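Remember, the working numbering sits 1225 above the position in the sequence shown when you count from 1.
None of these hints come from the bench; they were simulated from the model. Misleading hints may appear alongside valid ones.
Derived pair list, reagent style BS3-like, types lysine-lysine, alpha-carbon separation capped at 30 Å [what the hints assert, rightly or not]:
{"hint": "1", "residue 1": "1791", "residue 2": "1701"}
{"hint": "2", "residue 1": "1762", "residue 2": "1870"}
{"hint": "3", "residue 1": "1844", "residue 2": "1870"}
{"hint": "4", "residue 1": "1870", "residue 2": "1701"}
{"hint": "5", "residue 1": "1844", "residue 2": "1791"}
Computed beta-carbon distance windows for the label pairs [claimed, not checked]:
{"hint": "6", "residue 1": "1921", "residue 2": "1631", "range": "22 to 28 Å"}
{"hint": "7", "residue 1": "1667", "residue 2": "1393", "range": "37 to 43 Å"}
{"hint": "8", "residue 1": "1948", "residue 2": "1574", "range": "19 to 25 Å"}
Just so it is clear, the structure is predicted and the values come from calculations on it, not from any experiment. C-beta atoms are modelled at their ideal positions from N, C-alpha and C, and glycine is treated no differently.
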Amino acid sequence: MSRRPRELALGAKFAFTGGREGWIRTLLTALGVGLGVALLFAAASIPHVNQASSARGDARVPAASGSSKAFERSERSLLFDMVGTEYRGESIGGLLLRPEGAHPAVPPGLRTVPRPGEMAASPALRDLLDSPRGELLRQRLPYRITASIGDAGLLDPTELFFYAGSDTLSRDTGAARTDAFGGEVEKLPLSPVLVALTVVSCVVLLMPVIIFIATAVRFGGERRDRRLAALRLVGADTGMTRWIAAGEALAGSALGLLVGTALFLFGRELVGGVRFWSFAAFPADFTPDPALAVLVLLAVPLAAVVVTLFTMRSVAVEPLGVVRAAKPRRRRLWWRLLLPAAGIGVLALSPRAGVDNGVTDPNLVALGAILTLTGLATLLPWLVEAAVARLRGGPVAWQLAVRRLQLSGGTASRAVAGITVAVAGAVSLQMMTTGIHADFVRTTDQDPSRAQIDVVADFPSGERAQRMIHDFRATKGVEAVIGTIETYATRPGHYTRDQLRPTTVLTVGDCATLAELARIRSCRDGDTFVVHPEGDKRLSDWVDRSARPGEAVNLDTDADYDPSVKPVLWTVPRSARSVLSRPDPMGEARHGIFATPGAVDIGKLASAETKAMIRVDRKVPEAAEYVRNTAAAIDPVMSVRTIDKVERDKQYASVRSGLRTGAIATMLLIALSLLVSQIEQLRERRRLLSVLVAFGTRRSSLALSVLWQTAVPVVLGVVLAVAGGTALGVALLDMVGKEVTDWWLFLPLAGTGTVAVLVVTLLSLPPLWRLMRPDGLRTE
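Take these sequences, add in the hints, and give me the full structure.
See below:
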């Protein structure tokens, strides 16, 4: 064996056989590295999580969905229709199935197609229906559960999804036919802006993890260096001691890989089935990408060796001790400024990206963010050193803290480097998301104050449509229903398929309803109105061509092209008044012929579309759920939507959801890392603390000194993070063509980071009291 590997092996041996201090240091390093590695493995699993979920989603899509292919009735064919719903803010997906042959296609996750009146439900939906929370939902889904959907048929373990059997589905009612499952849902690519946001989010969430791993391999460095002095007495040279120290770090990091792997495997079983906002996954989905996993397995031990060799350059391990007490050489500033400057420069030179145009290079975005955040981490030790260099005087606790920072400010800086980078990244991300928010979250023309639920249904007859409106008005919690029955009305005549025919819409509703849709001053049953769009003369002229008072219109459009079909004629009364349209609660301005039920025979409407905009009593609990139950009882495939003032882009919402989930994991790691680092620093100073107590120093003074030792680097780190994060945020916004809209976003983020560190410091006080006992003076 050559010299260097032998020295690394010797260091690894010392890590496990170097006595109590040796293996405690190794365990602390392994714990710190393991926490970071577990999160890196989780991050490396995200591509597989998305791919697996997408593949299962595609596998259950009926082959006819979104396709122009016509499926013939066969032994394998079945009819299907979407019957999704919403329950207390949660989306529930579902398919209504009707087999047409003896051997119909079976959806993934099922063995057989449910029979009429039966249902196969996901485990999460089954639990919801069996719980007291699902009482109203059971009324909406009155099917008997006969099977559970397997993992192969679900996007994630928390998904609410079902398949129900039907004996009433038909092509005439809008059902589609298929003979296989496994279509492909068209997925829109992420916009360049969202690509940039995703890349920056990954960098911001992972940089603190990498910094913590680099910090963890240096745990217990001072005690280790004192032990290395003994090796100099038996003939080891300076280079050998450095490589032995690197071997100890290598052993700790290798053990950390095992700990991290175990934590990852345990954690994925723990979080499988737990939903964080809209994110959830099966445990098996958390499979790290092989290339990324190998990168982690190789990079962590290599980083441990490189970091140790680099830090040992500033330590002189002599036979009689470790030379650390001498005044250290001042840290150089110029190269520390180059890193963030280079990062901002890379982002400034990157291609500009708009929401719908432009090309974003993810590599340049990642490089710019990494350089900037790394530069902030390297600037922190210099800033702490420069800030405390001239501090003098003050209470005992303050003097102890300042002197400790003056002698070894690098250790304190490393402890808070992760929180500094996290706060800087959070500031930049918050600035970016705020800047692009308006592009992905738009205000609609809908008015939730007039109605909260919109229902649309196609019915083969006007009578059924009228019954639907009546049923909604009789529903518990409903205050008013703006219910209309609509059908096309054309000028009678024979037209070719390519010929444009004067066409408008006949809307039937009571006076209260019509007053919500048009500017009508007076109305009684039997009245008719010709409604023109406000400010659109061209469309108004078209309405006049289609609907002339005193002339007939055809209410069955099939008769326009097929001479064998008898037209359904209705004469627009000569008394019909002209009025202007008014936007309805959905923001739509309707026009055409408006008629009250007394003016037209509903039975003449061969086909009709029914629209109901429903206003509920907000004082009635679950009023919206009662409305959805009524809709499901009338027609399970009826479209029910919530009227909302704000509309959010689904891709943007997905990215933000993933960002929140990742932020929780990163903040938990940072909190744990700070606690482990704080305990490690207290262990390093155990003898010193015991000596100070023996000389009469008050314990409260020592506790305050520990608090000050943490508070000073934290305050400096937060100031640096705010400055660096703001600069990074401005560069990112400039890259996507946006301007800063709020310069004070950093305040809550800076406060959160500061509070997190102070809480961790307070949690470290109980170990501090134990370390100040007189037995700390003992030595081995």
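Structure-based check of all given hints:
Under the criterion of a C-alpha separation no larger than 30 Å, the hint pairing residue 1791 with residue 1701 is inconsistent with the structure, at around 42 Å. Note on residue 1762 and residue 1870: the hinted pairing holds, with a Cα-Cα distance of about 29 Å set against a maximum of 30 Å. Restraint check: the Cα-Cα separation between residue 1844 and residue 1870 comes to about 20 Å, which is no more than 30 Å; the hinted pair holds. A hinted pair counts as satisfied when its Cα atoms are at most 30 Å apart, and residue 1870 with residue 1701 qualifies at roughly 24 Å.
Between residue 1844 and residue 1791, the direct Cα distance comes to roughly 50 Å. Violation of the 30 Å bound is thereby established for this hinted pair. Taking 22 to 28 Å as the suggested C-beta distance range, the pair residue 1921 and residue 1631 conforms, at roughly 23 Å. For the pair residue 1667 and residue 1393, the supplied restraint of 37 to 43 Å holds, since their beta-carbon distance comes to about 39 Å. Separation of residue 1948 from residue 1574 is about 22 Å and conforms to the stated range, judged on CB atoms against 19 to 25 Å.
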